[in-house]
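Novice: Just need the whole structure built from these sequences, with the hints factored in.
Residues per chain, in single letters:
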Amino acid sequence: GESVGLHLPTLSVQEGDNSIINCAYSNSASDYFIWYKQESGKGPQFIIDIRSNMDKRQGQRVTVLLNKTVKHLSLQIAATQPGDSAVYFCAENIGGGSYKLIFGSGTRLLVRP
Amino acid sequence: GAVVSQHPSWVICKSGTSVKIECRSLDFQATTMFWYRQFPKQSLMLMATSNEGSKATYEQGVEKDKFLINHASLTLSTLTVTSAHPEDSSFYICSASVDETNQFGPGTRLLVL
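So the sequence lines, in the order shown, correspond to chains A and B.
At position 87 of the first sequence the residue is numbered 87 (the working numbering), and the sequence of numbers has no breaks.
At position 13 of the second sequence the residue is numbered 13 (the working numbering), and the sequence of numbers has no breaks.
By construction, these hints were calculated from the structure, which means they are not laboratory data.
Remember, predicted model here, so these are calculated numbers, not experimental data.
Take these hints with a grain of salt, some might be off.
DSBU-like cross-link-like pairs, simulated, lysine-lysine; straight-line CA separation at most 30 Å [to be verified]: (1) LYS20/B - LYS66/B; (2) LYS55/B - LYS14/B; (3) LYS64/B - LYS42/A; (4) LYS41/B - LYS68/A; (5) LYS66/B - LYS42/A.
Specialist: Have a look at this one:
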């Protein structure tokens with residue numbers, strides 16, 4: 001089912017440190033996962049994606065890890081910057097030709113200068 | 001790159017009136033668009049899948065007679081909130097499928113007085 005959080009958990013990190021944001025997804029049949037960044041009052045912005053046949057994917061300063069055994073996804077941000085402050089959501093797609101996404105509950109990242 | 005726009009960006013209306021929100025794909029055609037609703041400090045919740053030339057598919061618990069969706073062209077989907085009430089106040093976000101990804105619009109803030 002869909003996961004909705006009433007209160008967003010917050011991760012506070014020092015500028016320059018690495019950040020790790022976690023997400024538990026709900027459907028074992030999901031085969032495509034995306035991390036989004038959402039700034040206040042704006043739509044979600046794509047960060048990085050990963051398919052179920054992979055367990056790790058790297059981008060610029062970001063890495064996504066997928067553990068299908070425990071249905072867990074993580075986003076690692078290296079050398080976190082003030083501009084990284086936002087809410088981060090994972091989203092899952094159950095495939096089958098549909099691009100429908102189900103979003104996780106989200107985590108607010110605060111970067112201390 | 002693929003851009004999705006929404007209009008209006010924000011709207012205030014009186015209780016009982018209807019409000020139409022537009023979602024446009026600016027430089028690509030989208031046979032499928034999605035509508036999400038997001039309450040403060042919560043995640044995005046999928047409301048419905050908008051299919052060009054056919055009826056929308058609504059998620060469980062979403063009233064199709066209250067949230068009318070029309071996808072009359074390959075670049076435009078509209079969401080009409082009929083007889084809006086204060087509890088319908090929310091952030092409405094659309095996305096469009098392109099090249100196996102989802103492009104999100106900037107969102108529309110609805111406030112019902």
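Novice: Hint by hint, say whether it matches the structure.
Specialist: So, going through the hints one by one against the coordinates:
no.: 1; hint: LYS20/B - LYS66/B; in the structure: holds, 12 Å
no.: 2; hint: LYS55/B - LYS14/B; in the structure: holds, 28 Å
no.: 3; hint: LYS64/B - LYS42/A; in the structure: holds, 26 Å
no.: 4; hint: LYS41/B - LYS68/A; in the structure: holds, 28 Å
no.: 5; hint: LYS66/B - LYS42/A; in the structure: holds, 25 Å
The structure meets every hint from the earlier list without exception.
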